[in-house]
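Peer 1: Now for the letters of each chain:
2 protein chains.
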Amino acid sequence: MNAKTKLLTLPTPPYFAVIFTSKMSLDDVGYGKMAQRMEELAAEQKGFLGVESARGADGVGITVSYWRDEAAIRAWKGQSEHRSAQAKGQAHWYEDYSVRVAKVERAYEN
Amino acid sequence: MNAKTKLLTLPTPPYFAVIFTSKMSLDDVGYGKMAQRMEELAAEQKGFLGVESARGADGVGITVSYWRDEAAIRAWKGQSEHRSAQAKGQAHWYEDYSVRVAKVERAYEN
Numbered sequence: 013m014n015a016k017t018k019l020l021t022l023p024t025p026p027y028f029a030v031i032f033t034s035k036m037s038l039d040d041v042g043y044g045k046m047a048q049r050m051e052e053l054a055a056e057q058k059g060f061l062g063v064e065s066a067r068g069a070d071g072v073g074i075t076v077s078y079w080r081d082e083a084a085i086r087a088w089k090g091q092s093e094h095r096s097a098q099a100k101g102q103a104h105w106y107e108d109y110s111v112r113v114a115k116v117e118r119a120y121e122n
Numbered sequence: 013m014n015a016k017t018k019l020l021t022l023p024t025p026p027y028f029a030v031i032f033t034s035k036m037s038l039d040d041v042g043y044g045k046m047a048q049r050m051e052e053l054a055a056e057q058k059g060f061l062g063v064e065s066a067r068g069a070d071g072v073g074i075t076v077s078y079w080r081d082e083a084a085i086r087a088w089k090g091q092s093e094h095r096s097a098q099a100k101g102q103a104h105w106y107e108d109y110s111v112r113v114a115k116v117e118r119a120y121e122n
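Order-wise, the sequence lines are chains H and U.
If you read the first sequence in the working numbering, its first letter stands for residue 13, the second for the next number, and so on.
If you read the second sequence in the working numbering, its first letter stands for residue 13, the second for the next number, and so on.
There are no misleading hints in this set.
For identical chains, the list gives no copy identity; a pair is met inside one copy or between any two copies.
DSSO-like mimics (lysine-lysine), calculated; alpha carbons at most 27 Å apart, straight line: (1) 35 to 115; (2) 45 to 18; (3) 115 to 89; (4) 35 to 100; (5) 58 to 115; (6) 18 to 115; (7) 58 to 89; (8) 18 to 100; (9) 58 to 18; (10) 100 to 45; (11) 18 to 35; (12) 89 to 45; (13) 45 to 35; (14) 58 to 100.
No lab work stands behind these hints: they were computed from the structure.
Full structure from sequences and hints, please.
Peer 2: Printed below as a string of structure tokens:
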């Protein structure tokens with residue numbers, strides 16, 4: 013296993029999760045670069061705890077980012093470069109998507 | 013888009029999510045059949061709302077199942093055929109995994 017695919021270790025709950033599910037459209041020009049940039053940018057935000065992401069061959073992807081509190085999530089949603097990426101995603105890259113904000117109450121790891 | 017890859021439509025929050033993240037081991041014999049069976053079995057449980065799943069080429073997968081309440085999650089965790097699948101997953105299929113139980117407080121869809 014390389015470092016990139018090691019699963020996250022997170023602090024003891026409670027903390028918050030943003031579950032972002034998306035179905036890619038056929039137009040994926042520029043998507044990979046943006047997705048990588050958004051992971052880097054998220055990691056610089058206050059209250060960011062980690063992110064995990066998977067996308068299958070059917071184009072359905074799930075990204076879960078973890079945050080210290082709701083204020084951190086709101087700040088990230090409104091971050092200017094992220095807002096621009098959200099708009100491009102809605103206009104071009106995603107055929108469908110949903111965002112769910114959840115409070116993680118308990119967790120167990122292998 | 014076919015029906016299988018349409019994203020979930022869920023009721024208005026609150027409801028609960030089980031975020032299951034895993035890294036596959038090299039031993040995946042029988043895994044696909046089990047995973048499909050578990051999705052079918054979950055869908056038969058009381059309080060089940062839906063499930064979404066993605067696994068990338070790096071072997072990291074995220075499955076998020078949604079439930080009406082915590083009691084439904086506890087019942088599913090203890091369901092006998094599911095317990096057997098959990099044991100096989102820990103022994104053979106997963107190099108690493110984590111489970112996080114979260115209360116979805118708000119959601120927005122495309």
